[in-house]
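Enquirer: In case you want the letters, here they are:
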Amino acid sequence: MPYHSKTIFTPVKKWCWIILVLLMAGACLDEPDCLPTGDTALVISFNRLLDGKRDTVILYNIEAAGADSIFYKTDPDKLDTIDTQTKPVIVAVNPYAEETLFTFFMRVQQKMLRVGYKNETTFISEECGSDRIQYDLSVLETDFDSVRVVNNVLSKNRTVNIEIYR
Amino acid sequence: MKSIVNIVLLLLPLTLLAQKADSLKRKKDFLPTGIRIGTDVISLIRTPTDDSFDGYEINADIDFYRFYLAVEAGRWERNLSTEEELYDNSGNYGRIGVDVNFLLKDPDKNLLFFGARYGRSTYSENFTQFISDPVWNDDAVSYQNSDVTASWAELTTGLRVKMWKMFWMGYTARFKFGLSTNEPRGFVSYDVPGYGKTGKDTTWGFNYQVLFRIPIRKQQ
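So the protein sequences, as listed, match chains A and B. Oh and the first sequence: position 106 is 105 in numbering that gives the first Met the number 0, straight run, nothing missing. Oh and the second sequence: position 92 is 91 in numbering that gives the first Met the number 0, straight run, nothing missing.
Hints listed in this document are in silico derivations from the structure and should not be mistaken for laboratory results. A portion of the hints provided could be inaccurate.
As the list claims (entries may be wrong) - One side of the interface only, derived from the structure: several residues of chain B facing chain A at Cβ under 8 angstroms:
{"id": "1", "residue": "I57"}
{"id": "2", "residue": "T81"}
{"id": "3", "residue": "D132"}
{"id": "4", "residue": "W135"}
{"id": "5", "residue": "V140"}
{"id": "6", "residue": "R184"}
{"id": "7", "residue": "G185"}
{"id": "8", "residue": "V187"}
Just so you know, even glycine gets a beta-carbon here, dropped at the ideal spot from N, CA and C.
Looking at chain A on its own, in the form it has when it is part of the complex:
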């Protein structure tokens, strides 16, 4: 049978164009998800040592070493109560360091909690910017009776990271 280059190339050419267009369309779907998940918020819940249920704690404030801001500052004369029974306490860890020391000023005493973590940054895209997560959360030092890390990644979901038992 004689060979005819055109007979093969005509359908090939057509399909090559179709494949090319499909490949281009595929490439458009290749953009990364623009959903940063990282957050510096450390979520702490207070629980009763006796039965593990949420506890109510009277907090004047919470300070973080090295930060100008004070979390939950209340008037000492009014003795405002943060309802830790329904809402966990949210503080921010230092994104420039790998540990943060928090001091909890309570009604008759003050307690400290030093947490350690690692930082990881992902450059998502020029349009989306970057995402920075804190992971491998651990308690380095504390004078609370009992502290447990229940979620070692800080995220925008803001689920409880640390449970403090009193």
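Chain B: place on chain A using the hints.
Expert: Chain B in isolation, oriented as in the chain A frame:
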């Protein structure tokens, strides 16, 4: 699911031509008839026109009957910036693999091929992020990943068409997957030379090539 669709897209040329190619009976001659050497035109155009890219890629292949041993080497550098981030990388890469030709009876040895590659890259990258934090104030954090090695696999398809005497043109579409990098934790590699952005498990690549074919001997 998307990966399956991608693979199906790459396999389309096979299904179209396998029947015709199989029906052709000719004597198998595994001795090479020529070496083709070329470069990627897209990289050459992007280098002077795109401020964020600087690079080149050299392609070469040699035929063994319907199989072509393909070797590719290149270099690219990227410089990207946003209001809060600065990123740059530079590195070299290489790929090696085999293409299978499905236009066996073409007298000019034009190719419609399907193939596979193994890619490897060595690169360094720098990233600076300006963080705006209401509690911990604003500051900049910098990362450097040096001498990172990456490897990946590719499925390829494309065309090589003889234009005039030794001058050829063609394209290669690449479905890249299985990326593995060894950078330390801290900053996740963003762009791997030869592979591209690392944000997804798979990615696409495309080269438009100009090539010269140096004949070694006449085909029997």
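Enquirer: For every hint, state whether the structure bears it out.
Expert: Evaluated hints:
1. Annotation: interface hint on B:I57 violated; nearest CB of chain A at approximately 23 angstroms, more than 8 angstroms.
2. The beta carbon of B:T81 is positioned within 8 angstroms of a beta carbon in chain A (closest approach about 5 angstroms), and the interface hint is therefore held.
3. Restraint check, B:D132 versus chain A: the minimum CB separation of about 6 angstroms is within 8 angstroms; hint holds.
4. With its C-beta approaching chain A no nearer than about 5 angstroms, B:W135 sits inside the 8 angstroms limit, and its interface hint holds.
5. Because the beta carbon of B:V140 sits about 6 angstroms from the nearest beta carbon in chain A, less than 8 angstroms, this interface hint is met.
6. Below 8 angstroms, beta-carbon pairs count as interface contacts, and B:R184 has one with chain A at about 6 angstroms; its hint therefore holds.
7. Given hint, B:G185 at the interface with chain A, holds; its Cβ is 6 angstroms from that chain's nearest Cβ, closer than 8 angstroms.
8. Interface hint at B:V187: satisfied, since its Cβ lies 4 angstroms from the closest Cβ of chain A, which is below the 8 angstroms cut-off.
Comparing the model with each earlier hint shows a violation of hint 1 alone; every other hint is respected.
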